[in-house]
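*Asks:* Given next are the chains, with one letter for each unit.
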Amino acid sequence: MDFLGFLITQCLNALSQASVLLFLACGLTLIFGIMRIINFAHGAIFMLGAYVGHTIVVLTGQFWLALIAAPLVVAGIGALFEMFLLSRLYARRDGGAYLMITFGLAIVLSEAVRLIWGAQPKGIDLPEVLTGVVFLLDQPFPIYRLFLIGLGVSASIALWQFLERTRTGLLIRAVSQNPEMVHALGTDIRIVRTGVFALGCGLAAFGGILATPLFGAYLAMGNNVVVDAFVIVIIGGMGSFLGSVIGSIMVGFVQVFGAYYFPSMALSLLYLLMLTVLIVRPGGLLGKEE
Amino acid sequence: MKNDKPTAKVESGKKIDRVFRTVTRRKVLSGGIAATAVLAAPAFLHKTAKAATGPIKIGLPTVVTGGYAELGSHVIRTSKLVESMVNGSGGILGRQIEFVVADTQGNPAAAVRKTQELVERHGCHLITGVVVSSEARAIMPKLKEWDTLFVSHGNGDGRLTTPQFLVPNFFRANVSAPMGARALALYLKDDPAKEYIAIGSDYAWGQSSVKAFDEQISILGKKLVDKVMTPVGNKDYATYITKVMRSGAKGCYVALQGDEARAFYTQATQYGLAEKMPLYTEIVSQSNIKALGKSAAGLVGGSRYAYTQDTPQNKAFVQAFTKAHPGQLPDWTDGEIYQALAVLFAGMKKANSAEPDALVEALEDLEVTSIKGAIKIRKCDHQGMNPGIVVKVVDGPNGAVPEIVKIYSREVATPDCGKTTFS
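First to last, the sequence lines map onto chains A and B.
According to this note's numbering, the first sequence is numbered sequentially starting from 1.
According to this note's numbering, the second sequence is numbered sequentially starting from 1001.
Hints are computed from structural coordinates only; laboratory data are not their basis.
Just so you know, even glycine gets a beta-carbon here, dropped at the ideal spot from N, CA and C.
One should not assume that every hint holds.
Claimed, not checked - With a straight-line cut-off of 20 Å between C-alpha atoms, the simulated DMTMM-like cross-links for lysine to aspartate or glutamate are:
| no. | chain 1 | residue 1 | chain 2 | residue 2 |
| --- | --- | --- | --- | --- |
| 1 | B | Lys1276 | A | Asp138 |
| 2 | B | Lys1290 | A | Asp125 |
| 3 | B | Lys1243 | A | Asp125 |
| 4 | B | Lys1250 | A | Asp125 |
| 5 | B | Lys1379 | B | Asp1357 |
| 6 | B | Lys1376 | B | Glu1403 |
| 7 | B | Lys1243 | A | Asp2 |
| 8 | B | Lys1419 | B | Asp1395 |
What the hints assert, rightly or not - Covered, in the sense of this in silico footprint (three residues per stretch, anywhere, with C-beta under 8 Å from a C-beta of chain A), are these stretches of chain B:
| no. | stretch |
| --- | --- |
| 9 | 1067-1079 |
| 10 | 1375-1386 |
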């Protein structure tokens, strides 16, 4: 019984870790899939979401409002960046230019956050409903982490349905496959690109604010997490949404069980997993080889 | 060495450069002895720059960005406070002091590069404020070459003051990891629990702290059932907390700092870990108390510095600090950098000089009355003998407060000379 309880707790631990990573990885893979841009600013955007969310909580006292408003604000910033800066580089068809400008954005955002919010880390108090523990076979488990898992699952399903079932989703997928053709058929692909970049940023910001009650908002919070997100995207296949979902869960489980049973190898296990996937399927689990 | 000092006074770096260049050109033209003169030039000019009568420059190669940025921000805020206090009252040796900050990001390689910049570009031959022990270890072998004195305010790795790493130009004014663990272990003597578990950050300080705690409690006939070492920069502690909870231990020793500590305590609170077993730590910090909120009450730990300590010097410091930063209280880094600077200034007064060579001599066996009471910088291993402070967090009307429950004398709390163990 005890072991079963332990196993359930650890699986839930893994899923809750995966949930936070999922939002980051989905944003990353969407942007790459549609725009062929590796967004180096993703970690900084994740951090920005956390800080904006923190400010909204401080000003209004509403965690729920922050959960909705912070991603919208950050998505807006992402849209502006895409419209006024990134879009000027499309004609060059040069991956290096994207790399430089998103890397620049990362630096600008990090420094802006330091100037605006200072170096002191910020925490968020959870609303009453989300605090406390539930006992699963005598093992305590935080309610907030169950909430994270619930959000992760519902957001995955919602995004998947959005991409598969709606007309906008169809357009997005079409742009990822053949932008010239979509353009020729009378769709303004500039709007699709702006929208997708904003969506990706919004998702990262959502992850950022969800992570704040776990480890607070601080200047370096995006650094390691974004590396995990890159690993997830590589495992799942660049640009594959479902691949990212699967990748997040795999990374969550490897981190949780790896750190438990093989603590000294905890970090390398993640990369071993990535290597194995790359050897068996060079394009990632659900990605296409290019 | 002292005879080498030239009579000409060169003040700014630019001027040095110019002198150096003109000398070089002329000598090269005249040939012959030129080669030796040119080779000798940089060293001799470098000495001159330091002997200038301008402000005393103190380099702070600290963490401005990165995982330990909070600790770095404490270094900077209290150094700035000290700067205004000292300069406001006429400076030291009639000279003003000036701090120069460089961002090491907590990375040893960057720390070496940034410190070298502070020394060579900004003429800082006195440094402090290094946050991470591994950074200190990277810097120490270079001190002689840079002719620079390094006074540690917070580097905890016990080995820094053992023959393994110690260099003549390094002093540690602060409480080391073994000392923090020692104070706590002395306190735990009366605890009926026999089995503990330790969780620590997997780098120099965390390992040193956990090892020292292990050694200390085994002397008391207690033991560690497990050591959980977590990767540097770890954020999600769920699996580690589960491990701690299942260990069957009756207490958990925590050796985590900065962002890691905050993440751990926040998550541990969410799992209700503190209700299951008491948490002990080498360093109780203000920011951890804040993160823990209500559940901070009961946390027992060593404290490198507690703002609640009842000495006249400390009361004056806390008053000045809260005046400069309304609504905030000094954390342990604030106290330790304040003490490190007090040690440095006392050394300057004793030596009547701000030269590294003279300071090394003056700091050895220096007695200072600091905010923590009487501190002695030991000659044999350059370790500052500090009292061992144990605090317990209690709930007060204005939030949780670290109440000092025990102060062990500096003789009991400091390890044997050049060692990390206690006799």
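*Asks:* Quick check: the stretch 1067-1079 of chain B, covered by chain A? Criterion 3+ residues, Cβ under 8 Å.
*Replies:* holds (count 5)
*Asks:* Is Lys1276/B within 20 Å of Asp138/A, Cα to Cα?
*Replies:* holds (13 Å)
*Asks:* Has the given pair, Lys1376/B with Glu1403/B, been kept, meaning a C-alpha gap of at most 20 Å?
*Replies:* Not OK: Lys1376/B and Glu1403/B at ~25 Å, beyond 20 Å, violated.
*Asks:* Can the restraint linking Lys1243/B and Asp2/A be considered satisfied, given a maximum Cα separation of 20 Å?
*Replies:* With Cα atoms ~13 Å apart, Lys1243/B and Asp2/A stay inside 20 Å; holds.
*Asks:* Taking 20 Å as the top limit, are the C-alpha atoms of Lys1250/B and Asp125/A close enough?
*Replies:* violated (29 Å)
*Asks:* Is the listed coverage of the stretch 1375-1386 of chain B by chain A valid when you require three or more residues with a beta carbon under 8 Å from a beta carbon of that chain?
*Replies:* violated (count 0)
*Asks:* Given the proposed pairing of Lys1419/B with Asp1395/B, does the C-alpha separation stay at or below 20 Å?
*Replies:* violated (38 Å)
*Asks:* Decide if the proposed pair is consistent with the structure: Lys1243/B and Asp125/A, CA atoms, cutoff 20 Å inclusive.
*Replies:* violated (26 Å)
*Asks:* Mind checking the alpha carbons of Lys1379/B and Asp1357/B for me, to see if they're no more than 20 Å apart?
*Replies:* holds (15 Å)
*Asks:* Could you grab the alpha-carbon distance between Lys1290/B and Asp125/A and see if it respects the 20 Å cut-off?
*Replies:* holds (11 Å)
Of the numbered hints given earlier, the model fails hints 3, 4, 6, 8 and 10; all others are met.
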